[in-house]
Amino acid sequence: MICAGIDAGSRTIKVVLIDTDSLEIVGKGLTDQGVEQDKLASGLFKKVLKSSGATEKDVAATVATGYGRNAVGIADTTITEITCHAVGVHRLMPTARTVIDIGGQDSKLVRLDGSGKVRDFAMNDRCAAGTGRFLEVTAVRLGVELDTLGKLAAGSRRPAAISSMCVVFAETEITGLLACGTGREDIVAGVQAAIASRIVAMAGRNIEPPIVFTGGVAMVSGMAAALQTALGQTVTVAPQPQMTGALGAAILAADRNR
Amino acid sequence: MTDAPERITLEEWDVQYEKLRRAGMRQPQYGGPLSRHVEDGDHRLRKLRYDNSAAALRLWNFLLTEEDRLREARSAGKKIVGTMKDLGTVPVMAYCFDNVTAFYPDGAWWIPCVMELSDGLLEVADSLGIDESFCPVRAMLGAFVTGAHFPIPDMLICSVGATCDDFSAIAQRLNGLGHPIFWWEMPHRRCPEQDEPAVILPGGIAAPKCQVEFVKSELERVKAALEELAGERLDEEKLSAGISQANRVRQYLAELRYLAFTAEPCPIPALEMLIAEMLAIHFCSDRRETIAVLGELLEEVRGRVNAGLGVLDADAARIFWVNPVADLQVMNLLEDCGGRVCGTEYLFTHALDMIPQDVPPLEALARCALADPMAGSSIDRAERICADVRRFGAEAVLISRIPGASHCALEGQVISEIVAETLDVPVLEIEVPPVTDSMSPTLRTRIEALVETVRARRRATQGIRSDR
Amino acid sequence: MKTIIYTCPYVPAEWIAAHGLHAGRVLLDGVDPGFSAARAEGVCPYVRSFIGEVINNRGADGAVVTTVCDQMRRAFDIIVRNCDLPAFLMNVPSTWQTLAAQKLYVDELKRLGGFLIGLGGKAPSKDTLAETMLAYDDARTSIRSAREHLSAKQFAEAIAAGGSLKGEAFGDGSSDSGHPQAALEAATLRVPLAIVGGPLMKPDFDLLDMIEQLGGRVVLDATETGERGMCPKFDRRRLREDPLLELADAYFAGIPDASRRPNSELYRWLKRELAGRAVRGIIFRRYVWCDLWHAELGRLKEWCNLPVLDIDSAGDNETDRPRISNRIRAFMEMLQ
Chain A
0 MICAGIDAGS RTIKVVLIDT DSLEIVGKGL TDQGVEQDKL ASGLFKKVLK SSGATEKDVA
60 ATVATGYGRN AVGIADTTIT EITCHAVGVH RLMPTARTVI DIGGQDSKLV RLDGSGKVRD
120 FAMNDRCAAG TGRFLEVTAV RLGVELDTLG KLAAGSRRPA AISSMCVVFA ETEITGLLAC
180 GTGREDIVAG VQAAIASRIV AMAGRNIEPP IVFTGGVAMV SGMAAALQTA LGQTVTVAPQ
240 PQMTGALGAA ILAADRNR
Chain B
0 MTDAPERITL EEWDVQYEKL RRAGMRQPQY GGPLSRHVED GDHRLRKLRY DNSAAALRLW
60 NFLLTEEDRL REARSAGKKI VGTMKDLGTV PVMAYCFDNV TAFYPDGAWW IPCVMELSDG
120 LLEVADSLGI DESFCPVRAM LGAFVTGAHF PIPDMLICSV GATCDDFSAI AQRLNGLGHP
180 IFWWEMPHRR CPEQDEPAVI LPGGIAAPKC QVEFVKSELE RVKAALEELA GERLDEEKLS
240 AGISQANRVR QYLAELRYLA FTAEPCPIPA LEMLIAEMLA IHFCSDRRET IAVLGELLEE
300 VRGRVNAGLG VLDADAARIF WVNPVADLQV MNLLEDCGGR VCGTEYLFTH ALDMIPQDVP
360 PLEALARCAL ADPMAGSSID RAERICADVR RFGAEAVLIS RIPGASHCAL EGQVISEIVA
420 ETLDVPVLEI EVPPVTDSMS PTLRTRIEAL VETVRARRRA TQGIRSDR
Chain C
0 MKTIIYTCPY VPAEWIAAHG LHAGRVLLDG VDPGFSAARA EGVCPYVRSF IGEVINNRGA
60 DGAVVTTVCD QMRRAFDIIV RNCDLPAFLM NVPSTWQTLA AQKLYVDELK RLGGFLIGLG
120 GKAPSKDTLA ETMLAYDDAR TSIRSAREHL SAKQFAEAIA AGGSLKGEAF GDGSSDSGHP
180 QAALEAATLR VPLAIVGGPL MKPDFDLLDM IEQLGGRVVL DATETGERGM CPKFDRRRLR
240 EDPLLELADA YFAGIPDASR RPNSELYRWL KRELAGRAVR GIIFRRYVWC DLWHAELGRL
300 KEWCNLPVLD IDSAGDNETD RPRISNRIRA FMEMLQ
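Chains as they are written, first to last, in numbering that gives the first Met the number 0: chain A, 0 to 257; chain B, 0 to 467; chain C, 0 to 335.
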């Protein structure tokens, strides 16, 4: 039998299928989020099942997570992304003690104990300035692709200071920086540093290593380095960082099925 | 006096420095070219424009070497006292002791600006949960943690009560990190009730006598704590002598302010005036040198006024400035946009008013402390601003909000409403974070629009006059 | 009877009532989106809501504002400029360890008395004040003893109604107003939590129900509108000797708050209550732009060995609700 995890995030929907006994991943997929979340999620679910050579009858249990989890009708139950990311990261990197998850519209910092259980967490779901949304706005404003931001930032000699707590105003600041002749690389580095500083503010002192970085923003090159600088500690990007939430959900589905 | 007063860049100052040195400029021990401070990390200096006088150079060097003085004082065995929040009262008392050097830890709020955020102080504050929703004075918390900008004081004294919540909360966080703080209460200043004995405070505001007595009793506690720390008794004679010295600072500043705000053309830039005014609240860790620095600056300004020289165009728009700015460059920006500062209210007018010398010294200090604009209502503050706008002939009011400061939002509203109701002048509110580079186009647009409005109003007034 | 409205716990209801006036401690309704007399940006939503309440209140005859927070102090300026309702600004010292601060509080109560007399109140005799204090003390005792029989929301509502002396209604655990027995038994299986922070507004009380629905049980309401803001029990001997002094002492020294300097008493009180009620997690509730409470979050996390969940609110319940619900759910998953 297999178990499924569906992470209905703000930007994408992710599905992970695992073998209930071995917990090995047997299938995974991702699609952009949209208005009809339930339809998109079930469509992706079926597609991943098919590509894995399985059918719905093979699925023992399904857990949905993410901000759109309650809209996923095929799920047996829902669990928050905090718990799912913790479980997913622990599975992939059992020594991890801190998880930083930056998604499209929120960011989280989760502290784990030795068994991968959540000890404590902090969350920013109010201000887009600490999330992937900030990077999206920056990329659009600078007329570059999201995945080139890291390369640009690497060329920065002096990251620009971004003061605003609000993405809307920060966009005005970017316009201002461009008007002043500030290089795109310094602006991107400044934005990445601003996101990292918000994570530091959320984290507080004494962040226990190893620190693992997950979520879609972890794939944006340069962000892990910015976090490393801000935290003064090594930050490791999780393997398949977008999938950790869905993986955790699938493992929790398997747990519940036992 | 410098021959041709002007605002110059840091690079130009290097040339000017050599010129002045060759001409025999006498420099204090802390003297030297201004650009040397950039090597210490003060990157913002590269972007500022400065007055080109030797007096201004001395002022800047004095400001930027405070840490050296504090560390020397520590090496010499002096007791170091951090006087927090209270702006200009406890330092007057602390400087009466022979072996005490007082400083103003809150002044760390300018470090992120001067070092262009390279110091990491705000990040330390972030990690302690004091994020950007607090006033930039949160940099002080970082400075205490890193110990890199001033020696950890032997004693911290902080006024609370009718102060601002940001600072009170940050100081409490500091206290929670293991720094003992001597708290003293500043009551909210109120109007005397009918038949209640009243006292006229410096600045002309009336307050109930019982409130003055209360503050006096709090200052007695502060005095006792300082005496214990210093191992020295502070009698009335010594305190009176200290008040006389503080009044010399205030006297110099009063004349400087009057000349800077009223003379045509403007004899000294707004930035140097801001730094000079700030000396009133903390003496930059050396009261005697403060008097000398201000004396030289005043002499320079008098000379310029007598010679009819200035640093700005004669038609600069006359702006009254409310609240200190976290980014010093904004003072330059006003002048770049065609404005000049004609009157300031940086939240410490009580430290600029003369301390009464015809009453017992502790009572005099209590009266001064209670005159703090932050201790009273925003309405009192607005009325004083209106009076000073009239006094200095300002044509517009610019309220510079301090990002995150608990008092600014509602206070700014009250001040702008009252100014608009009372005076026929335009009012502009801006918000100034520690580094404004990314906001400079929007700030420039707003300030230019204010200057244009002032000029348009002038033309309209002149048109009406010429029609008559 | 004329009504005097206020929100601050350092305003003794007994003092107003003893003057023959109705003490109306207001449970704020939240920010009216259309309210424009005070700015929104940078202003604590609780303070904005208070300004709106005072300006728009048609049933009140006077308002008491205190200086415990900077923005409330500034709110007084907005109120006096925008409405005709007589208003009194009471100076509540931040320091509390000196006799001078205690005396200042007593003097402010006396000054408040003058304001109340100006509104038609009558200076109370010693006996009147003592009797009024006893009645309120009994009501509070009754409310406290009902805690275990009530849901957290009902308990918070009981405290809010306490100023109207309705506490006796909550004395009996079998009362309809309390939880049914089965529900009470189920409640004991939930995770015991404390809610810590400044004042709650009326719509925020739903948060208490939400916590229960998600598997928690608020056993300690350490908000300003909860138990923490309740005056401790009076010393009845001292009450008879000098009621005003006892009133001042109980309120000024007995209510721990983040605004006190130092605020060590808040942590001493929390330590005792958290341990006494076997709390397993803390929900820290704060308003954006409330510096006094925001600054305590980092310290609280370092100080206590319990998980702390930060819930910030901009006072917009529609957008806050899903965010808050998600956070609490994750918190409960962690604790269960």
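Think of the hints as simulated: they come from the structure by calculation, not from any bench.
C-beta atoms are modelled at their ideal positions from N, C-alpha and C, and glycine is treated no differently.
Please note that the accuracy of each hint is not assured.
What follows is a list of derived Cβ distance ranges for each label pair [to be verified]:
| # | chain 1 | residue 1 | chain 2 | residue 2 | range |
| --- | --- | --- | --- | --- | --- |
| 1 | B | 223 | A | 205 | 30 to 40 Å |
| 2 | B | 419 | C | 335 | 29 to 39 Å |
| 3 | B | 243 | C | 58 | 27 to 37 Å |
| 4 | C | 321 | A | 205 | 27 to 37 Å |
| 5 | B | 11 | A | 156 | 16 to 26 Å |
| 6 | C | 321 | A | 33 | 41 to 51 Å |
| 7 | B | 11 | A | 33 | 50 to 60 Å |
| 8 | A | 93 | C | 335 | 38 to 48 Å |
| 9 | B | 243 | C | 263 | 35 to 45 Å |
| 10 | A | 93 | C | 188 | 27 to 37 Å |
Computed cross-link-like contacts, DMTMM-like style, restricted to lysine to aspartate or glutamate with a CA-CA straight-line distance of at most 25 Å [to be verified]:
| # | chain 1 | residue 1 | chain 2 | residue 2 |
| --- | --- | --- | --- | --- |
| 11 | A | 116 | C | 332 |
| 12 | C | 270 | A | 35 |
| 13 | C | 102 | B | 362 |
| 14 | C | 121 | B | 194 |
| 15 | C | 270 | C | 240 |
| 16 | C | 109 | B | 212 |
| 17 | C | 1 | B | 192 |
| 18 | A | 49 | A | 35 |
| 19 | C | 125 | C | 240 |
If the Cβ cut is set under 10 Å, some of the chain C residues that face chain A in the computed set are [claimed, not checked]:
| # | residue |
| --- | --- |
| 20 | 106 |
| 21 | 188 |
| 22 | 190 |
| 23 | 191 |
| 24 | 300 |
| 25 | 313 |
| 26 | 319 |
To see whether the hints hold, each was checked on the structure:
Separation of residue 223 of chain B from residue 205 of chain A is about 39 Å and conforms to the stated range, judged on CB atoms against 30 to 40 Å. Distance hint for residue 419 of chain B and residue 335 of chain C: a CB-CB separation of about 57 Å, inconsistent with the stated range 29 to 39 Å. Between residue 243 of chain B and residue 58 of chain C the beta carbons are some 57 Å apart, a value that contradicts the proposed interval 27 to 37 Å. Hint check: residue 321 of chain C to residue 205 of chain A, Cβ distance near 31 Å, so the stated range 27 to 37 Å holds.
For the hinted restraint 16 to 26 Å between residue 11 of chain B and residue 156 of chain A, the CB-CB distance of approximately 24 Å keeps it satisfied. Taking 41 to 51 Å as the suggested C-beta distance range, the pair residue 321 of chain C and residue 33 of chain A does not conform, at roughly 19 Å. Take residue 11 of chain B and residue 33 of chain A: their Cβ atoms lie about 59 Å apart, and the range 50 to 60 Å holds. At about 22 Å, the beta-carbon gap between residue 93 of chain A and residue 335 of chain C misses the expected band of 38 to 48 Å.
Here the CB-CB span from residue 243 of chain B to residue 263 of chain C is close to 40 Å, well matched to the stated 35 to 45 Å. Taking the beta carbon of each, residue 93 of chain A and residue 188 of chain C are about 32 Å apart, inside 27 to 37 Å as hinted. Of the supplied pair hints, the one linking residue 116 of chain A and residue 332 of chain C holds, its CA atoms being roughly 10 Å apart against a limit of 25 Å. Straight-line distance between C-alpha atoms of residue 270 of chain C and residue 35 of chain A comes to about 49 Å, which puts the hinted pair past the 25 Å bound.
A threshold of 25 Å between alpha carbons decides the hint, and for residue 102 of chain C with residue 362 of chain B the separation of about 20 Å falls inside it, so the pair holds. Restraint check for residue 121 of chain C and residue 194 of chain B: satisfied, since their Cα atoms lie roughly 20 Å apart, inside the 25 Å limit. Between residue 270 of chain C and residue 240 of chain C the alpha-carbon distance is near 32 Å, which puts this suggested pair outside the 25 Å criterion. As the CA atoms of residue 109 of chain C and residue 212 of chain B are separated by approximately 17 Å, the hinted pair is consistent with the 25 Å bound.
Restraint check: the Cα-Cα separation between residue 1 of chain C and residue 192 of chain B comes to about 23 Å, which is no more than 25 Å; the hinted pair holds. A hinted pair counts as satisfied when its Cα atoms are at most 25 Å apart, and residue 49 of chain A with residue 35 of chain A qualifies at roughly 21 Å. Restraint check: the Cα-Cα separation between residue 125 of chain C and residue 240 of chain C comes to about 9 Å, which is no more than 25 Å; the hinted pair holds. Look at residue 106 of chain C: its Cβ only gets to about 41 Å from chain A, farther than 10 Å, so that hint breaks.
Below 10 Å, beta-carbon pairs count as interface contacts, and residue 188 of chain C has none with chain A, the closest being about 20 Å; its hint is therefore violated. A least Cβ separation of about 14 Å between residue 190 of chain C and chain A goes past the 10 Å threshold, and the interface hint is therefore violated. Interface hint at residue 191 of chain C: violated, since its Cβ lies 17 Å from the closest Cβ of chain A, which is beyond the 10 Å cut-off. Taken as an interface hint, residue 300 of chain C checks out: its beta carbon lies about 6 Å from the nearest beta carbon of chain A, inside 10 Å.
Given the 10 Å rule on beta carbons, the hint for residue 313 of chain C holds: about 7 Å separates it from the nearest Cβ of chain A. With 10 Å as the threshold, the beta carbon of residue 319 of chain C comes within range of chain A, its nearest partner Cβ sitting at about 9 Å, so the hint holds.
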